[in-house]
Amino acid sequence: MSNANITTAIKYGFVVVAYFVGILILGGIVAAIGFALVGVGGSGFGDASGGIGAAGGVLALVGIVVGILGYVIIIGAAFGIQYKIISDGVARGIETAGGLTGGRATDADERT
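The opening position of the sequence shown corresponds to residue 11 in my numbering, with each subsequent residue numbered one higher.
These are computed hints drawn from the structure, not numbers from a lab. Quick reminder that beta carbons are idealized off the backbone N, C-alpha and C, glycines included. A portion of the hints provided could be inaccurate.
Claimed, not checked - Pairwise CB distance ranges, derived in the manner of DEER restraints: (1) 97 <-> 16: 19 to 25 Å; (2) 23 <-> 71: 36 to 42 Å; (3) 90 <-> 45: 20 to 26 Å; (4) 20 <-> 67: 49 to 55 Å.
Construct all of the structure, not just a fragment, from the sequences and the given hints.
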């Protein structure tokens with residue numbers, strides 16, 4: 011921890027939080043649109059018998075798919091930001107340690 015500058019760490023933390031908030035907003039908007047479509051599709055508009063009708067059923071199905079897409083955006087972004095945090099930490103550790111091999115030739119270097 012002694013090699014990490016506190017101001018750099020705080021800036022990095024704010025960038026990560028801003029990214030995650032942005033993805034939550036984007037995914038939340040997509041999910042809300044999906045739920046709105048489900049509400050319109052399943053609200054009883056359609057045939058005279060009170061059912062949702064073919065058009066309402068299709069609209070509700072599209073709403074479900076769009077809502078699921080919103081959740082997939084949020085979950086995918088959460089996994090992506092976790093991957094980024096880990097890979098940035100590993101890269102910083104390798105950089106601080108002076109590289110993977112410490113200046114020695116690797117097997118891949120010897121083969122070329």
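Outcome of the hint check:
no.	hint	verdict
1	97 <-> 16: 19 to 25 Å	21 Å, holds
2	23 <-> 71: 36 to 42 Å	41 Å, holds
3	90 <-> 45: 20 to 26 Å	24 Å, holds
4	20 <-> 67: 49 to 55 Å	51 Å, holds
Violation of the numbered hints given earlier is absent; every hint is satisfied by the structure.
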